[in-house]
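Trainee: Sequence:
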Amino acid sequence: MLTFTYTAGLGLQGQPPENNNWLRNAGGSPLHHRALRGSNEYIPITSSEASPGGLGACPQLVTLTAHAGSRSRPDIYSLHGTIFILIQQAEEVTGMKVVVEGCCHGQLNSIYDEISRRYGSVDLVLICGDFQAMRNEQDLNCMACPPKYRAMGDFRQYHTGERKAPYLTIVIGGNHESSCYMQELFYGGWLAPNIYYLGAAGVVQFRGLRVGGLSGIYNPHSFDKPHYERVPYDRNAERSVFHVRRTEVQRLALIRERMDVMMSHDWPAGIDQYGNLNWLLKAKPFFKADIEKGMLGSPPAMELLKTIKPAYWFSAHLHVRYPALYTHDAKAKINEDEIELDLDDGNPDEITLDENPDQIDLDLEAEVDETPPTPTGYPRTSFLALDKCLPRRKFLELINIDVDQPDQPLSYDPEWLAILRATHKTNTDLFNQIDIELKWINSNISDLKIPDNFKQLTKPLNELAEETNIPPSQLRTYQPQMQNNNQTDAFCNLIEIKTD
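Each residue of the sequence shown is one higher than the last, beginning at 1 in the UniProt record's numbering.
The set of hints was computed from the structure by calculation and includes no laboratory data.
Where a beta carbon is used, it is the ideal one built from N, C-alpha and C, also for glycine.
Warning: the hint list may mix true and false statements.
Pair by pair, the computed Cβ-Cβ distance ranges are [stated by the list, open to error]:
#1 Lys455 x Arg393: 33 to 41 Å
#2 Lys449 x Gly95: 17 to 25 Å
#3 Gln157 x Asn432: 45 to 53 Å
#4 Leu281 x Met482: 37 to 45 Å
#5 Gly161 x Met295: 18 to 26 Å
SDA-like mimics (lysine to any residue), calculated; alpha carbons at most 25 Å apart, straight line [stated by the list, open to error]:
#6 Lys388 x Ala289
#7 Lys439 x Pro379
#8 Lys225 x Arg210
#9 Lys439 x Arg256
#10 Lys306 x Glu292
#11 Lys388 x Pro166
#12 Lys148 x Leu281
#13 Lys439 x His424
#14 Lys148 x Tyr326
#15 Lys97 x Ala289
#16 Lys282 x Met295
#17 Lys293 x Arg258
#18 Lys388 x His243
#19 Lys425 x Glu292
#20 Lys293 x Pro373
#21 Lys97 x Gly208
#22 Lys498 x Glu415
#23 Lys388 x Asn194
#24 Lys164 x Arg150
#25 Lys164 x Pro406
#26 Lys455 x Ile497
#27 Lys439 x Thr477
#28 Lys449 x Thr423
#29 Lys388 x Tyr167
#30 Lys455 x Leu410
#31 Lys148 x His424
#32 Lys425 x Pro373
#33 Lys439 x Pro409
#34 Lys439 x Pro375
#35 Lys388 x Trp279
#36 Lys293 x Ala283
#37 Lys439 x Asp429
#38 Lys164 x Tyr119
#39 Lys455 x Lys439
#40 Lys284 x Tyr119
Construct the complete structure from the given sequences, taking the supplied hints into account.
Mentor: Take a look at the structure:
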């Protein structure tokens, strides 16, 4: 017997063919499936079971047990909330095991231990914000939250080298962070060995997978402001420092090559309409007012989702697991053999939204002299939000993603480097300038591997006390000193831009 476990909430949608060998489970969300090559062969399923909670409105895991000897895996579709599972005879393609985590809240040890317990070895971990990279107690004074909730967490052990992350980990920032440290790495960098921060906005590649991220949360009062915050932060800057800015959103909106994964801390506004909304309102009834006003989530994040059309979009922030599927073109097909999905009936759980006064216009046409080229995106975006790391909470999800460069290390993304260079210049024809800068990148940077240039620049509090003759009890009340980070300097020198 072979047992395959699939994660609910992600995957293709389509109509199943008429066949008695389909397994039909009602009330579920679409399940993730691995891309398969080969001819279909219907194989009887001997048993099917669900994780605790059953196959209700929002299942977590479905385990299928199939006859051995045929190297078969199920192909999974969803139609109007009904899950259909087909066993295929297929040749398995090379995949990468990616674990997505919601809000970290400094609980790195628990997260890594749970990943190891559930999944064993994995290839990549993605953490969707509230990472809380506290190097010493002074960093706590830069985190926007009531003092009683400020805690050092586990990160210090990874920063000092006492521990090392067992899996390559890519993170974005949220709204409860060591903001002074993340400001040092504005364009991204190693927070600790094997833990990479994408910066205020960024795109990297790993084994051929393009991973992008937008740090922080949306606040309309800060959106058009520059990044003016510097330590020591006052009460206003303590919060505005993690607010998303138009500059980073516009840079991400300039992406034209296909994007596989995007991460944001808060949800794209309106994405709630594309999942099981009735279930969400029962689980989080206090969301209803914001949902009815169209104000749950980030308008610029939704504009980015519609513009760059990634295959996956992962978020956290609202402390609930919620899958959704956004179709960019109702007539789009995943492949020639797939039956077209008719969406004319709409979402039965959809509620009418008032016009959102904070609707974001990325206004890219004002930046260019010609019509922007059409991005090369995916026809559908699978969205998944996850909870925070607590017992009996759904904060982890395993996804198998096919990759075409299994030997590629974590690397800079050439298009993103070109976008950064282009947006640091005054040329108004941005898309033409990006083409020029991409040629410069290809000609001047032969090795795009992200260097292992992490240095521990901030010392533990007891060492600072010895150097300054200031008691630790007094030092812990200060905010840290702003410092130039060697990684930011090296990155800006590499692509020949000035630091923001």
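Trainee: Could you tell me which of the numbered hints above are not met by this structure, giving the numbers in increasing order?
Mentor: 5, 7, 8, 12, 14, 15, 17, 19, 20, 27, 31, 39 and 40
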